[in-house]
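Visitor: In full-length UniProt numbering, the protein residues as written are 1 to 329.
None of these hints come from the bench; they were simulated from the model. Any given hint could be a false lead.
As the list claims (entries may be wrong) - BS3-like, lysine-lysine: derived pairs with alpha carbons at most 25 Å apart: (1) 258 x 277; (2) 277 x 134; (3) 18 x 264; (4) 277 x 6; (5) 6 x 276; (6) 116 x 63; (7) 134 x 2; (8) 114 x 63; (9) 116 x 2; (10) 63 x 6; (11) 258 x 134; (12) 193 x 319; (13) 222 x 318; (14) 193 x 222; (15) 134 x 276; (16) 258 x 276; (17) 193 x 2; (18) 276 x 116; (19) 6 x 116; (20) 319 x 222; (21) 2 x 63; (22) 264 x 222; (23) 222 x 134; (24) 63 x 193; (25) 18 x 263; (26) 222 x 263; (27) 18 x 6; (28) 193 x 134; (29) 18 x 277; (30) 18 x 134; (31) 134 x 263; (32) 6 x 114.
Since the model is a prediction, treat every value here as computed from it, not as a measurement.
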Amino acid sequence: MKNTIKWGILGTGWIARKFADALQVADNCELYAVGSRTNESANHFAADYQLNVAYGSYEELVKDPQVDVVYIATPHNLHLENTLLALDNGKHVLCEKPMGVNEQEVIRMIATAKEKNLFLMEALWSRFLPHIIKTRELIESGAIGAVNLLTATFCVRSENGPEHRHYNVDLCGGTILDIGIYNIFLSLFLFGKPENVSAVATLSDQGIDTNCSYSFTYPENKLSVMYSSFLANPEVVAEIHGTEGEISLEHLWFCPGKITLTKKNGSEEIFSFDIKKNGYEFEAEEVARCVLNGQTESNLWSHNESLLLVSTMDDIRKKCGVVYPHHDL
Numbered sequence: 001m002k003n004t005i006k007w008g009i010l011g012t013g014w015i016a017r018k019f020a021d022a023l024q025v026a027d028n029c030e031l032y033a034v035g036s037r038t039n040e041s042a043n044h045f046a047a048d049y050q051l052n053v054a055y056g057s058y059e060e061l062v063k064d065p066q067v068d069v070v071y072i073a074t075p076h077n078l079h080l081e082n083t084l085l086a087l088d089n090g091k092h093v094l095c096e097k098p099m100g101v102n103e104q105e106v107i108r109m110i111a112t113a114k115e116k117n118l119f120l121m122e123a124l125w126s127r128f129l130p131h132i133i134k135t136r137e138l139i140e141s142g143a144i145g146a147v148n149l150l151t152a153t154f155c156v157r158s159e160n161g162p163e164h165r166h167y168n169v170d171l172c173g174g175t176i177l178d179i180g181i182y183n184i185f186l187s188l189f190l191f192g193k194p195e196n197v198s199a200v201a202t203l204s205d206q207g208i209d210t211n212c213s214y215s216f217t218y219p220e221n222k223l224s225v226m227y228s229s230f231l232a233n234p235e236v237v238a239e240i241h242g243t244e245g246e247i248s249l250e251h252l253w254f255c256p257g258k259i260t261l262t263k264k265n266g267s268e269e270i271f272s273f274d275i276k277k278n279g280y281e282f283e284a285e286e287v288a289r290c291v292l293n294g295q296t297e298s299n300l301w302s303h304n305e306s307l308l309l310v311s312t313m314d315d316i317r318k319k320c321g322v323v324y325p326h327h328d329l
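Turn these sequences into a full structure, and let the hints guide you.
Guide: Put into structure tokens, the structure is as follows:
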């Protein structure tokens with residue numbers, strides 16, 4: 001019985017390298033091959049990771065019969081095209097977040113995976129990190145009483161020019177899809193679908209959001225207030241407040257880290273967690289578990305959860321006036 005899946009990485013950018021690093025320690029995973037748009041890039045990546053198989057095209061990678069799962073590590077605007085290429089060639093897929101630029105793209109990707117009976121999951125790595133899982137467990141156990149407020153930020157000052165993917169409308173730039181997605185995910189993961197979404201943004205000359213603020217309302221006076229920015233560098237933190245205490249996620253909260261539970265009486269408990277590499281191994285191991293079990297989606301981050309995430313981002317973009325002409329047809 002097979003107990004290891006062979007990975008092919010489609011793309012050679014920094015996120016591909018993060019994932020490749022994690023595959024070195026992930027259970028039931030083998031980094032087997034890489035595919036790039038050029039032989040030079042593929043061979044350089046392969047040399048760095050001691051790979052014997054490197055392809056100078058994405059098509060060659062997905063046609064390799066030894067590849068079980070393809071990790072899509074390309075920019076947002078290419079996710080649909082690259083994912084369909086892999087699925088059409090019989091490969092299971094882990095697609096970097098956001099899975100698609102809009103809901104219609106994600107619907108198409110899921111439909112194709114189901115039609116071909118193949119596994120598909122969005123690489124929302126924070127979902128699988130121990131401190132995020134523990135945060136939800138604490139809330140559900142009543143550790144902070146009735147929750148009334150979540151605040152979350154993800155801001156990083158970007159000095160890149162208008163041609164960079166952060167600011168380029170043709171590359172589906174803006175904070176919402178790139179970094180705001182983490183804030184939005186956290187609220188949806190902890191509280192579910194909101195009753196109401198409000199959002200405002202400042203837009204660049206190309207019409208993408210450079211600053212964005214979004215708030216979700218929930219039953220029983222629960223509120224999530226979040227913002228993302230390419231123009232400022234405040235601490236990237238998250239807090240959940242309740243009637244009996246609060247949970248604080250430290251700076252760079254979307255990465256592996258500690259959480260602090262502070263009770264109403266002032267007592268504190270700090271939770272720390274072990275990781276084997278950089279945290280990306282957790283999502284890789286979930287894919288391996290699912291594929292080896294014959295599943296076509298994860299019960300930890302399902303197709304419906306990806307659809308809720310992207311539809312919420314669609315709603316925020318619509319309210320802010322952010323349109324991607326080549327995708328929002």
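Visitor: With reference to the structure, classify each hint as holding or not holding.
Guide: Verification of the hints:
1. 258 x 277: Between residue 258 and residue 277 the Cα gap is close to 16 Å, so the pair holds against 25 Å.
2. 277 x 134: Measuring from Cα to Cα gives roughly 19 Å; hence the hint holds.
3. 18 x 264: Judged against 25 Å, a Cα distance of about 39 Å means the pair is violated.
4. 277 x 6: OK: residue 277 and residue 6 at ~19 Å, within 25 Å.
5. 6 x 276: Roughly 20 Å between the alpha carbons, so the hint for residue 6 and residue 276 holds.
6. 116 x 63: holds, 16 Å
7. 134 x 2: It is violated: about 32 Å lies between the C-alpha atoms, which goes past 25 Å.
8. 114 x 63: Given pair residue 114, residue 63 holds - Cα atoms ~20 Å apart, limit 25 Å.
9. 116 x 2: OK: residue 116 and residue 2 at ~21 Å, within 25 Å.
10. 63 x 6: At roughly 13 Å apart (the allowed maximum being 25 Å), residue 6 and residue 63 satisfy the hint.
11. 258 x 134: This hinted pair holds, its Cα atoms lying about 10 Å apart.
12. 193 x 319: Measuring from Cα to Cα gives roughly 17 Å; hence the hint holds.
13. 222 x 318: holds, 23 Å
14. 193 x 222: It holds: about 12 Å lies between the C-alpha atoms, which stays within 25 Å.
15. 134 x 276: Distance ~18 Å between residue 134 and residue 276 Cα, so the pair holds.
16. 258 x 276: Holds, at roughly 15 Å.
17. 193 x 2: violated, 38 Å
18. 276 x 116: Violated: residue 276 and residue 116 sit about 34 Å apart, past 25 Å.
19. 6 x 116: holds, 19 Å
20. 319 x 222: Given pair residue 319, residue 222 holds - Cα atoms ~21 Å apart, limit 25 Å.
21. 2 x 63: holds, 20 Å
22. 264 x 222: holds, 18 Å
23. 222 x 134: This hinted pair holds, its Cα atoms lying about 20 Å apart.
24. 63 x 193: violated, 39 Å
25. 18 x 263: violated, 36 Å
26. 222 x 263: Given that 25 Å is the threshold and the Cα spacing comes to 19 Å, the pair holds.
27. 18 x 6: holds, 17 Å
28. 193 x 134: holds, 20 Å
29. 18 x 277: Holds, at roughly 10 Å.
30. 18 x 134: Holds - the C-alpha atoms of residue 134 and residue 18 are around 24 Å apart, at most 25 Å.
31. 134 x 263: Since the Cα atoms of residue 134 and residue 263 sit roughly 16 Å apart, the hinted pair holds (cutoff 25 Å).
32. 6 x 114: holds, 21 Å
Checked against the numbered hints listed earlier, the structure breaks hints 3, 7, 17, 18, 24 and 25; every other hint is satisfied.
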